[in-house]
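Chain by chain, the residues run as shown.
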Amino acid sequence: MKTAALFLTAALLMTTGCAHSIHEVHVSDFNPGRSLKDGRRVKASTEQFVVLGFTGNTDYVDDAYKKLMSECPTGVITGITTQFSTSLGFFSWTNKILMQGLCLAPKG
Amino acid sequence: MLATRVHPLKHHHMTRFHCLFIALAFMSGCASLHHAQLGQIDNRQGRSGKPFVILMSETGVSAEEIGQIARVTNSRAGNALGDAAAIIALFQMGPRTGNPVYSERYAERLLDRIYENCPSGQVTDLMSIREDRKYPVISGEIVKVTGLCLDANPVAQVNGVSK
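One line per chain: the protein sequences are B and C, in this order. In terms of the working numbering, the numbers along the first sequence are unbroken and rise by one, the last being 192. In terms of the working numbering, the numbers along the second sequence are unbroken and rise by one, the last being 1013.
In short, the hints are calculated from the structure, not lab data. Don't take each hint at face value.
[Said to hold, decoys possible] For each label pair, taking beta carbons as the anchor points, the in silico distance ranges come out as:
1. B:Thr158 with C:Glu966: 23 to 33 angstroms
2. B:Phe175 with C:Lys900: 45 to 55 angstroms
3. C:Gly879 with B:Pro190: 45 to 55 angstroms
4. B:Lys191 with C:Pro969: 18 to 28 angstroms
5. C:Leu940 with B:Arg124: 35 to 45 angstroms
6. B:Lys127 with C:Ala886: 20 to 30 angstroms
7. B:Val145 with C:Thr996: 17 to 27 angstroms
8. C:Ala881 with B:Lys191: 38 to 48 angstroms
9. B:Ser129 with C:Arg926: 38 to 48 angstroms
10. C:Gln918 with B:Ser119: 44 to 54 angstroms
11. B:Glu108 with C:Gln890: 17 to 27 angstroms
12. B:Gly140 with C:Gly879: 38 to 48 angstroms
13. C:Pro901 with B:Leu136: 37 to 47 angstroms
14. B:Gly140 with C:Phe941: 18 to 28 angstroms
[To be verified] Residues of chain C placed beyond 10 angstroms of chain B at every Cβ, according to the derived structure:
15. Gly879
16. Ser882
17. Gln890
18. Arg894
19. Arg897
20. Lys900
21. Phe902
22. Val903
23. Arg946
24. Arg983
Just so it is clear, CB atoms sit at the ideal spot from N, CA and C, and this is done for glycine as well.
Looking at chain B on its own, in the form it has when it is part of the complex:
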């Protein structure tokens, strides 16, 4: 019983940090398939702060998409990874979108 109490206390102490939940990680196609050195890494992230289910910002995914597009205005973005996660908090939470990809500049 003492061991179990110690294990539970240790596990409880582990939970006192900032907690997160990753809901989904998706990776797009690699088309055209090029090596990492042929392109430039691009990244865009946006957040949505929510208090008890109420929020004013409902465009954060669109904003991440636009930011990623602006990082590679004339090229092709391939191998896009999209991560949707939430940072949990006290009666509030923050939804996060992280998009990363490889920007291939146009030839010529």
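Based on the hints, put chain C in the right spot on chain B.
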């Protein structure tokens, strides 16, 4: 006096029972799928490549389960631990997939990991899976990506489609 002493063999059996119970509890891990998505499949003739699997995971901890287990003991310490777990759970509000983890960056290097497995970038059949493996109190929160790294040789043209 003699009646209150624990027989050494009985004590030994109790320890073995506890070990068996803990081992059984951890063997009862259940895997559950949260999300699966498949990308483009290049299934043209002449295609050959090397399949790869990328696994990225982090330990999830459930404060609620800690509280529930602690309360089952029905002791003062157990109830206090249960109360502490309930307070901590208040600081973990929000939508969840699996148990909360303490690093949100464990899947951030996915693009690098794909290129480590396939430096040419000729990747197809990509499947993204989000799943977890649940044990008492803790869980393994897993992001899994499988794919096929095509050989550098050009793929045979079929139906006018070329690489």
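A quick look at each hint next to the structure:
1. For the hinted restraint 23 to 33 angstroms between Thr158 of chain B and Glu966 of chain C, the CB-CB distance of approximately 29 angstroms keeps it satisfied.
2. A hinted range of 45 to 55 angstroms holds for the C-beta pair Phe175 of chain B and Lys900 of chain C, which are about 49 angstroms apart.
3. The supplied range of 45 to 55 angstroms is met by Gly879 of chain C and Pro190 of chain B, whose beta-carbon atoms lie about 49 angstroms from each other.
4. Taking the beta carbon of each, Lys191 of chain B and Pro969 of chain C are about 21 angstroms apart, inside 18 to 28 angstroms as hinted.
5. For the pair Leu940 of chain C and Arg124 of chain B, the beta carbons lie near 44 angstroms from each other, so the given range of 35 to 45 angstroms is met.
6. Distance hint for Lys127 of chain B and Ala886 of chain C: a CB-CB separation of about 25 angstroms, consistent with the stated range 20 to 30 angstroms.
7. Between Val145 of chain B and Thr996 of chain C the Cβ separation comes to about 26 angstroms, which falls inside the hinted range of 17 to 27 angstroms.
8. Checked against the hint of 38 to 48 angstroms, the C-beta distance between Ala881 of chain C and Lys191 of chain B comes to roughly 45 angstroms, which is consistent with it.
9. The hinted window of 38 to 48 angstroms between Ser129 of chain B and Arg926 of chain C holds, with their beta carbons roughly 46 angstroms apart.
10. Between Gln918 of chain C and Ser119 of chain B, the C-beta spacing of about 51 angstroms keeps the proposed range 44 to 54 angstroms intact.
11. In this structure the hint that Glu108 of chain B and Gln890 of chain C lie 17 to 27 angstroms apart at CB holds, the actual value being about 19 angstroms.
12. Remark: the range hint 38 to 48 angstroms for Gly140 of chain B to Gly879 of chain C is upheld by a beta-carbon distance near 41 angstroms.
13. Distance hint for Pro901 of chain C and Leu136 of chain B: a CB-CB separation of about 46 angstroms, consistent with the stated range 37 to 47 angstroms.
14. In this structure the supplied range 18 to 28 angstroms holds for Gly140 of chain B paired with Phe941 of chain C, their Cβ-Cβ distance being about 23 angstroms.
15. Look at Gly879 of chain C: its CB is around 16 angstroms from the nearest CB on chain B, clear of 10 angstroms, so calling it non-interface holds up.
16. At roughly 14 angstroms, the least C-beta separation between Ser882 of chain C and chain B is larger than 10 angstroms, which holds for a residue marked as non-interface.
17. Once the 10 angstroms rule is applied to beta carbons, Gln890 of chain C is inconsistent with being away from chain B; the minimum gap is 4 angstroms.
18. The claim that Arg894 of chain C is not at the interface with chain B holds, since no C-beta of that chain comes within 10 angstroms of its own (minimum 14 angstroms).
19. In this structure Arg897 of chain C is separated from chain B by more than 10 angstroms, as the shortest Cβ-Cβ distance comes to about 13 angstroms.
20. For Lys900 of chain C, the shortest C-beta to C-beta distance to chain B comes to about 14 angstroms, beyond the 10 angstroms cut-off, and the non-interface label holds.
21. For Phe902 of chain C, the condition that its CB be more than 10 angstroms from all CB atoms of chain B holds, with the nearest at approximately 12 angstroms.
22. For Val903 of chain C, the shortest C-beta to C-beta distance to chain B comes to about 13 angstroms, beyond the 10 angstroms cut-off, and the non-interface label holds.
23. The beta carbon of Arg946 of chain C is not kept farther than 10 angstroms from every beta carbon of chain B, the shortest such distance being approximately 4 angstroms.
24. For Arg983 of chain C, the shortest C-beta to C-beta distance to chain B comes to about 15 angstroms, beyond the 10 angstroms cut-off, and the non-interface label holds.
Figure legend: structure checked against the earlier numbered hints; hints not met, in rising order: 17, 23.
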